[in-house]
Structure formats: structure tokens, C-alpha cells
Amino acid sequence: MYKTFLRTALAATVLTGSVWAQVNVLGKDVQIHGFFQQGFAYSSGNNFLTMRTRDGSWSMTDGGINVATRLTSRLRVGAQAYSRNIGDLGNGQVQIDWAYADYKFSDMFGVRAGKVKTALGLFNDTQDMEFLYPFALLPQSVYPSDLRANTIAHVGGDLYGSLNLKKAGRVSYVLWAGRLPEDRRGGYFYGSRDAGSPLSNFAQSAKGADVKWATPLTGLTLGYSYFDTLRYANARLLTFRGRPIPGGLPYRADQDNTINAFSADYQRGGLRLSAEFWRNDGFGRFSGAPIPGSVQIPQSWYVMGSYRFNKRLEVGSYYSDFINNRTRDFTPDVGIRGPVVSTRFDLTSHWHVKLEGHFLEGIGGNFSFRGFYPSTNPQGLKPRTNLFVMRTGWVF
Amino acid sequence: MKLFLLFVFLTSCALRAEDIAIIAHPGVKASDISADDVKLVFLGSKTALSDGSPVTPVLAKDGSIHDAFLKTYVGKSDAALRNHYKSLVFTGKGSMPKTLDSDAAIAAYVAGNKGAIGYVAAGANTGGAKKLNIK
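Residue numbers (numbering that gives the first Met the number 0), protein chains in the order written: chain S, 0 to 395; chain D, 0 to 134.
It is possible that part of the hints are untrue.
[Unchecked claim] Within a straight-line C-alpha distance of at most 16 Å, the following computed EDC-like cross-link-like pairs (lysine to aspartate or glutamate) qualify:
(1) D:28 / D:61
(2) S:381 / S:360
(3) S:166 / D:35
(4) S:310 / D:35
(5) D:38 / S:106
(6) D:75 / S:264
(7) D:134 / D:17
(8) D:45 / S:106
(9) D:113 / S:28
(10) D:134 / D:50
In case anyone wonders, no lab produced these hints; they're calculated from the structure. All values reported here derive from a predicted model rather than from experimental measurement.
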């Protein structure tokens, strides 16, 4: 199924070449678009993102295809299928990425219902679409590839719109609520299993808001997002204080988790400058196991710049910083940070190649589930990782 | 002197707002549009004009009028605009606009498709499409 899906997506992207497909169905124009991305990663220090990058890994494949149409001047419907295989994550399962109806009453007010990409920060809803950026990987402090399912989409609805503030610019807003689909092939399940406490289910209900202000200064947008989840998990504790528990001890964990995300984005000509600061507060309760309640207070930020010289060449760099406990000073066992440099070559308007270097310090900390896992690093986790990523993508 | 002549040549070559005509299907009721609305329509953020007429943008593939239009009204480079549309398409929040090769093709398309809105050189033959005044 996975190979068939990826072959179809690849064949469609290559064969359609320079144009996306548009067909007429019952008098309506239906657009079909897709993308296919393949990466190679090689690292020193640690294996990254469950790939065996120390040996060089091609296990970095994803793709998607969507169909959408406008039924009336106000009503749009569409859906996208997506699949990924990043190391041991994703496993090529084809999933509905989004599928919804969108009714726009006016520029000030519209409604979306179904499975909707979640508006959070600058890039949450487009984090899989590396063809939009000069980077092969977005800052993993804010957009960890292993944890994408925790924020990427919700099954529920959006209220959205934009307000013209005349000389003060324009404000767009999204208010949303829904259920966050469980990802059994994502970082939480993988990391929990790795930590000796495998999950049997992980449910999240959530609500949030996103506001973007297009300021009077041309090209400058400021944003704030609020993201609030209630998480319920059932798990089994296999070890306690280093001792195995025969058969494991089942327990339930509940957590209130909020993210306050601030962003700034400036675009002018080929220049783009962006920055985000995310502050996360998680308060957990456990029942059925001898584990005290927990408080998780991570903090993430990055600053990013890129410049497109012409239609063939773009360069970019960012500095990304994550700390699992913001009350502590950075040490390699509680955070991950470091600079990234990248070059993007657009071979055609639909095909590009990127070369990227990551110079990382740290492994993230307990239960952060960000890139570095003990089971894929049996040599023992090391404090530094240099990572080279080559990634190519086709999009139509 | 050479530098001065080069400056005069370059400034005389630079296209301005008055060199670009915004055209719409004759069924569009409005005869005026603000520069801010031009930007929002061509970013896919605004799907109806102030009089309620639904509009769908059509883009030029490339060329000096296209570049001048983006610089004057949209404030994005061609690559940034196409990325913007891709981000809408792949999140389900918009469609990829039709892209045409020439002023004549744009004028013919706009004249023949209800709600279409585009841009051509000010002196171009707009066929049956109506020119909108910039407020």
C-alpha cells in the first residue's frame, strides 16, 4: 500500500512535470496537486530521528497528493493523503492529512469543518512541505519531526477571517477546537516504548487560537498562537528505579498542556527573516503507578534568515534552541541547540535539491522525544552531533 | 555623464503602477478597486470585491509587467508568491491560480470567464474585459 502510494505520487509528480492537473467534473474544476520528497542523512555522534544516520541513511521519504474543488463561490471541499517513512517513524502508513469543507461567509468570517491543519506559529500547518523552504529540516526545537502529529491537525473545526485595520494593517484570526488524532507511529509511542513505559493509547482534545497582524511596515507580520490540550494516556510501566516489573504495571497519565507561541516574519524581495519563541507548560497526573505528578516546562526558539539570489539559488541559516526545563541552564542532557546552514538549488520550477549542515549540541532530556533515542543509539548518546542532510523534492 | 545616462535609461525602463491595467470580467459590477484589495485578491485572501462580486485571480507566467505588478501591488517576489499559493494548496486553504503566457491570453481568459480578474500592460488590447480604476 505504502509503496504503491509513493510510486503513484512519484509517477504523478514526474510525469505531470511542469503543470498540476485540473479536470472538469460535473462542470466543476477539480485541482490535483502532489509532492514527493526523498532525503539522505549522515551524521557523526548520534543517530538522528530514528534513522541510522551514522552509517548514512536514505530512510527519509514522504509524499502527499490532494484533490480540491470550489463547489460554489463560497464553499470549497478537498482532501489530502500523506505518507512518510522517517527511520522507524511513520512506517509508510497512508493517512488522511486533511479533509474538510470550508464555507466563507465574508472576508471577516468563515468556517472549516473536518480534519483541518492547525494554525500554530509560522509553519506548523506546512511543516511537512519542505519544498516551501530553503531548509531540508525546519528548526527541530519548534517543529520536531518526530512529534508532528501532536500539533499538525485536528478533527473539529475552525472559525476564521481577517479584519482590515486600514492604516494599521490587517489582522487575520483562527479559533479552533477538536480532537488531535493519535499517531501510533510517531515519537510519543516510539519514545515511550524506548523509555520502558509503552503507551497503549494516547488521546488529546484541544482548542486554540492564532492571530497574525500584517503590520503597516510592508512585509512584516507579527503573530501569537495559543494551543491548549488535554492529554489522556494509558501505559504500562516495565521498570521502576532500574528494576524490571514482571508483566508491567498499568497506569494512566493525564496532562494539561499549553503552548504560547510568538512569531515575527519579514519578507522583502528575496530576503526572509523569521523568528519564533514557544513556551510550553505541561502539568501531569499519574494514577495506578508509583510515579509522582510531573511538571514539564520546555522552551523553544529559533532565529532564521534566508536569501534567494535568483530563481535557481537560495541560501539560508538558522539557530535553533530547545530546553526541556526552562528553569535550568543549558546542559547537553536537558536541551538541543545549534546552528544550521543550507543551500537550495531549484533545478526546475518543480524540482529542487538541498544540502544542509546541522551542528547540534545536546540530546534533549528525559521524555522530550526529539531526535535522539537510546534504542537507536546503542553506543550511548553523545553530547554532540554533526548532521549532513541532502533532500530533493518534486511538487506539482 | 555615462553614469547619468545609465541612470536616466534605467529609471525610464522602470515600470510603474500606471503602466499596469487591472482588468476584470465584464460581469464584475465594481469599476474601482483599492490597491490593498488588489493585493489581497492576488494573494487569495479576498474572494469578493467590496460590491460583493466574487473574483478569481489569473496570473502572468513571467515578464516585466508581471514583475512590476508584484512589486507595485503584491509586495512579494515571484518565487515567494508561488510558495504562498503552494502553502494554500497543500493545506486546503486555496487553489492554484491559472497562469497564462501573454497579455492577449490573459485578456481573452478574463473576458471569457465569469469572475476572472487579471493584469496586463496599460496599453494592451483588453478585448471584452473591463479595466478597473485604482482608488
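Status of the hints after comparison with the structure:
1. Under the criterion of a C-alpha separation no larger than 16 Å, the hint pairing residue 28 (chain D) with residue 61 (chain D) is inconsistent with the structure, at around 29 Å.
2. For the hint pairing residue 381 (chain S) with residue 360 (chain S), the CA-to-CA distance comes to about 9 Å; that is within 16 Å, so the pair holds.
3. Restraint check for residue 166 (chain S) and residue 35 (chain D): satisfied, since their Cα atoms lie roughly 11 Å apart, inside the 16 Å limit.
4. Taken as a hint, the residue 310 (chain S) and residue 35 (chain D) pair is broken in the structure, with Cα atoms around 27 Å apart against an allowance of 16 Å.
5. Of the supplied pair hints, the one linking residue 38 (chain D) and residue 106 (chain S) holds, its CA atoms being roughly 14 Å apart against a limit of 16 Å.
6. About 13 Å separates the Cα atoms of residue 75 (chain D) and residue 264 (chain S), which keeps this hinted pair within 16 Å; it holds.
7. Only pairs whose Cα atoms come within 16 Å are accepted, and residue 134 (chain D) paired with residue 17 (chain D) is accepted, the gap being roughly 12 Å.
8. Straight-line distance between C-alpha atoms of residue 45 (chain D) and residue 106 (chain S) comes to about 6 Å, which keeps the hinted pair within the 16 Å bound.
9. Pair hint residue 113 (chain D) plus residue 28 (chain S) holds up; C-alpha atoms about 13 Å apart against a cutoff of 16 Å.
10. Distance hint between residue 134 (chain D) and residue 50 (chain D) is fulfilled; the C-alpha atoms sit about 14 Å from each other, no more than 16 Å.
When held up to the earlier numbered hints, the structure conflicts with 1, 4 and fits the remainder.
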